[in-house]
Amino acid sequence: MITTLGSPLKEEPKRAAQPRNRIDPARSVVIVAAVTCAVGSLLWTLFTGFVDPDVALAFGVLIAVGELARITLPGNREVAPIASAGAIGYTFLLDVGGDPVNHSAWQVIAVVSVGIALGALPHIAVGRAPRWSDLARRGLVVVLIALAFRPFAERMSPDSQHWWLVLCVMAALVMASWLVDSGVAAAIRAERLRTRLSVAIRDESRAQFALGMAIGSSGILIALASTVTGLAGLLVFTAPLLVTQVAFRRYAEIRLTYLQTVRALSRVTEVGGYVETGHSRRVSRLAHAIGCEMGMRESELLALEYASLMHDIGQLSLRSPIASGATVLASPREQRRIAELGSAVIRETGVLDSVAELVRRQCESLHGDGDDGPPPLGSRIIKVANAFDDLVGESTDRDRVEAVLQRLRMDTGHEYDPDVVETMARVLDRPAARW
Amino acid sequence: MRSLPLAARLYVGLVASTAITVVVLGSYDGIDPATLVLVAILFVIAESISTMVDSGKAGISPSSSASLAAVVLVGPVGAAVVGFASCLILRRQSIVKRVFNGAQFALAGYAAGWVFRMLGGDIGVPERGDFPWIVLPFTAAILAHTVVNGALVAGLMWFLGVVRIQRPHRIRWRPVATLELSSIGYGMLGLFIAAIWGVVGPFAVLLVLLPLFIARWTFDQYVAEQRAHEATLATLCQAVETKDYYTRGHCMRVSKASALVAEELGMHAERVHTIRYAGMLHDVGKLGVPTKVLQKPGKLTEEEFAAIQLHPMRGYEIVREIGFLDEALAGIMHHHERMDGRGYPMGLVGSDIPEFARIISVADAFDCMTSTRSYRNARSVSETITELRRCAGTQFDPVMVDALISAIEREGWDPGVVEPPDDDVAEVAQQDHDDPSVPLRLEGEGER
Chain E
1 MITTLGSPLK
11 EEPKRAAQPR
21 NRIDPARSVV
31 IVAAVTCAVG
41 SLLWTLFTGF
51 VDPDVALAFG
61 VLIAVGELAR
71 ITLPGNREVA
81 PIASAGAIGY
91 TFLLDVGGDP
101 VNHSAWQVIA
111 VVSVGIALGA
121 LPHIAVGRAP
131 RWSDLARRGL
141 VVVLIALAFR
151 PFAERMSPDS
161 QHWWLVLCVM
171 AALVMASWLV
181 DSGVAAAIRA
191 ERLRTRLSVA
201 IRDESRAQFA
211 LGMAIGSSGI
221 LIALASTVTG
231 LAGLLVFTAP
241 LLVTQVAFRR
251 YAEIRLTYLQ
261 TVRALSRVTE
271 VGGYVETGHS
281 RRVSRLAHAI
291 GCEMGMRESE
301 LLALEYASLM
311 HDIGQLSLRS
321 PIASGATVLA
331 SPREQRRIAE
341 LGSAVIRETG
351 VLDSVAELVR
361 RQCESLHGDG
371 DDGPPPLGSR
381 IIKVANAFDD
391 LVGESTDRDR
401 VEAVLQRLRM
411 DTGHEYDPDV
421 VETMARVLDR
431 PAARW
Chain A
1 MRSLPLAARL
11 YVGLVASTAI
21 TVVVLGSYDG
31 IDPATLVLVA
41 ILFVIAESIS
51 TMVDSGKAGI
61 SPSSSASLAA
71 VVLVGPVGAA
81 VVGFASCLIL
91 RRQSIVKRVF
101 NGAQFALAGY
111 AAGWVFRMLG
121 GDIGVPERGD
131 FPWIVLPFTA
141 AILAHTVVNG
151 ALVAGLMWFL
161 GVVRIQRPHR
171 IRWRPVATLE
181 LSSIGYGMLG
191 LFIAAIWGVV
201 GPFAVLLVLL
211 PLFIARWTFD
221 QYVAEQRAHE
231 ATLATLCQAV
241 ETKDYYTRGH
251 CMRVSKASAL
261 VAEELGMHAE
271 RVHTIRYAGM
281 LHDVGKLGVP
291 TKVLQKPGKL
301 TEEEFAAIQL
311 HPMRGYEIVR
321 EIGFLDEALA
331 GIMHHHERMD
341 GRGYPMGLVG
351 SDIPEFARII
361 SVADAFDCMT
371 STRSYRNARS
381 VSETITELRR
391 CAGTQFDPVM
401 VDALISAIER
411 EGWDPGVVEP
421 PDDDVAEVAQ
431 QDHDDPSVPL
441 RLEGEGER
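These protein sequence lines map, in sequence, to chains E and A.
Residues 1 to 435 (the numbering used here) are what the first sequence spells out, left to right.
Residues 1 to 448 (the numbering used here) are what the second sequence spells out, left to right.
None of these hints come from the bench; they were simulated from the model.
Any given hint might turn out to be false.
What the hints assert, rightly or not - Label-pair distances were calculated between CB atoms; the ranges are:
#1 A:Gly161 x E:Asp99: 31 to 41 Å
#2 E:Gly75 x A:Gly13: 47 to 57 Å
#3 E:Leu121 x A:Gly198: 17 to 27 Å
#4 A:Met157 x E:Gly278: 52 to 62 Å
#5 E:Ser299 x A:Val153: 52 to 62 Å
#6 E:Arg430 x A:Ala231: 51 to 61 Å
#7 E:Leu256 x A:His268: 50 to 60 Å
#8 A:Asp352 x E:Pro332: 50 to 60 Å
#9 E:Arg430 x A:Glu303: 44 to 54 Å
#10 A:Glu409 x E:Pro332: 52 to 62 Å
#11 A:Lys292 x E:Gly278: 41 to 51 Å
#12 A:His268 x E:Phe47: 48 to 58 Å
Claimed, not checked - Chain A is nowhere near these chain E residues, computed Cβ spacing over 10 Å in every case:
#13 Ala33
#14 Arg150
#15 Leu221
#16 Ala239
Don't be surprised by glycine CBs; every beta carbon is placed ideally from N, CA and C.
Use the sequences and the hints to build the structure in full.
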């Protein structure tokens, strides 16, 4: 069967890295809406004039600094907590040190836009372009809250007896805008990763909830405390959020480091000559794409990524590499042994049990081998992706890919999961850059 | 804490009785009892959820913000009462610890309140006109709180013999500075709570604590993830070396020895951390060397020797994508360079060899010699030290050798104990490329 596929065509050019010239509707709509609001408000405010320029300046600076200190959370989510809290604070501002402030919603949007732009410029200047969709969302949240709150701001006097009512209105607005924002973020994510919207909404709200609450409460706090402390307090007010931001940044860093470590160490099997160069990386990429398309949750995708990177680690315990490193060609008994050895290594860490389980069951047939029932979806995906990469290698030849797909399809009865194979066929149909 | 030394008991008793004197004899004029109770409750809650930083030794907690809010709202005596309330903390804690913590918080709060009032701060909910100048006495109050708190705790630690008085350059200032900065940040928050106390009352508590609860939760996750990362890294490194029975645990011990040297040299905690990783990963490239070459008895051919010489480069290639390693990468790549330039892969001489590489090289050889190999038994630490001294200057950097020796003499060393394999399942090497006392032998040459 294998011989009909011919030898691996190493000399073929790799899949050309395609420029990102695709147009995602949801992402484009969000960006265009944000830019329109920003430019419109700026022009309108320039036309009608600024009120309280010193307050606007102080908050603008805070927003710019916050934007400059933006961080990237796991899952490639860009956030700027201090800028967002500053913007929310400016939106809810009623009174600075005893003097009521009466800026319009349009002025809020204009100040926030200018602040964000100024904070983003240095990053762009050194070649670190922001994620435009996240930047636009940061602006749009403020647009929403400002349009809902500012028109009624004059009726909410800070000295009235109904302070708790004002507080409730602010909290409700923050919650509502956070929900809308999660929805928008999920739409963009679903579009980018080709996953299901419902899954994306759950992932996004889980990823953004904690930080969203911290930003919201800090924003409200900044607005309320300004009535007493005036603008000098702004510096003090950002301190608690700074602590939160530092904690989140360190968390994001360690998550990235963890992934890099597993990625790098998954290559020891390649260096040791056990598998072909790039095999683990390709399998993990393919498995991730399949997992997204099949609607796996973010946490499951991470486990899948780890498992597929380390799926061949059991080969390290073999005395000598198996022929050409392709586990798909090894005997079932040998495959099983590699899976169990690898799983034992991963279980040793004490923290990656779900990953170890995926690795252990990666070679089982569709309906399972033992009494444990069918293997988990992650294992079935790894099995298919691994078989595909073992047989195709680095080649991009369409005929070869088709031939391998055909071969896998013939085995879908008992070996491979037909859904996974069909999903993989769909993934492979797209240009590589869109995985 | 079970068997407290007498000095420590006296110290705790002194601190506690001073605090009780302050609380009992203080004047409670002009203190609103409702505010006092609310702040005390806030303080107990904040203290109960205090975050432990990764070492588990020093806790960062938002409680100092509550304590400093008390300074502004209810004055020095009120702050002392609030501080003392931390005895009621909702956590399992021995009675002595409770009393001491309560007492030292009470004294710190009293001192801070006193400083605040001396510098012209008004007790009570701050008025609009008080800002921004109230920040000055308040900052001084924070500093006083930090200093008294730190001094009292350090005093107890000293009586317990946990810390020794060290020369200033030996103390690692960075973690201390980070801790102090963060506690000053939490302290500033106290002013914040006091300021909006007049506007939204106890509602302020919820708003202020929410970001801090979230920060703490995230920090816990960070710590958990960091542990997971370390466990995974260690396991994968060990998986790489399980191939040879006798080198098991080698990477962990090299990592430990390298960290000892780095600490001895007074490096920053971050660099010590990095070199720990470097030591762990230093031989990862050995996997690229065919097993039969690594374990070959007898002399090596030129090609086989070349294959062994390649392993630092291979290791470098594997780990170079790990972002945080930066300096460690050079250490991994050059850990077989020699001071006299006869090492590999690049034949660097003297100080051209990166510092990390010079450290790992010594640690590597040290662990190799103190552990058992199939062709010889483990040497004693003193024998190994003699051998290291002999090679200092030619193979090793004398500075690193001295640092390792003094660190080992102080901390002791626990070499890996390997029972000889009882069956022929395990593979064993007949020589070790790390062993300076038994250099690799090349065909057609004497020794190398």
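Can you let me know if the beta-carbon spacing of Lys292 of chain A and Gly278 of chain E is within 41 to 51 Å? violated (26 Å)
Satisfaction of the hinted span 48 to 58 Å by the C-beta atoms belonging to His268 of chain A and Phe47 of chain E: Cβ of His268 of chain A to Cβ of Phe47 of chain E: about 55 Å, so the range 48 to 58 Å holds.
May I ask you to test the hint 44 to 54 Å on the CB atoms belonging to Arg430 of chain E and Glu303 of chain A? Holds - the Cβ-Cβ distance for Arg430 of chain E and Glu303 of chain A, about 46 Å, lies within 44 to 54 Å.
Does the Cβ pair Asp352 of chain A, Pro332 of chain E satisfy 50 to 60 Å? Holds: the Cβ-Cβ distance is about 54 Å, inside 50 to 60 Å.
Note whether the CB distance of Leu121 of chain E and Gly198 of chain A lies within 17 to 27 Å or breaks it. Because 40 Å falls outside the window, the suggested range is violated.
Does the Cβ pair Arg430 of chain E, Ala231 of chain A satisfy 51 to 61 Å? violated (37 Å)
In this structure, is the beta-carbon distance linking Glu409 of chain A and Pro332 of chain E contained in 52 to 62 Å? The hint (52 to 62 Å, Cβ to Cβ) holds, given that Glu409 of chain A and Pro332 of chain E are roughly 56 Å apart.
Beyond 10 Å from every chain A Cβ: check whether that's true for Ala33 of chain E. holds (29 Å)
Would you say Arg150 of chain E is clear of chain A, with no C-beta pair closer than or equal to 10 Å? holds (20 Å)
Gly75 of chain E versus Gly13 of chain A beta-carbon gap, inside 47 to 57 Å or not: holds (54 Å)
Does the hinted range 31 to 41 Å hold for Gly161 of chain A and Asp99 of chain E at CB? Taking Cβ atoms as reference, Gly161 of chain A and Asp99 of chain E lie about 59 Å apart, which means the hint is violated.
Supplied distance hint 52 to 62 Å, evaluated on CB atoms of Ser299 of chain E and Val153 of chain A: violated (40 Å)
The structure does not agree with the numbered hints 1, 3, 5, 6, 7, 11, 15, 16 stated previously, though it agrees with the rest.
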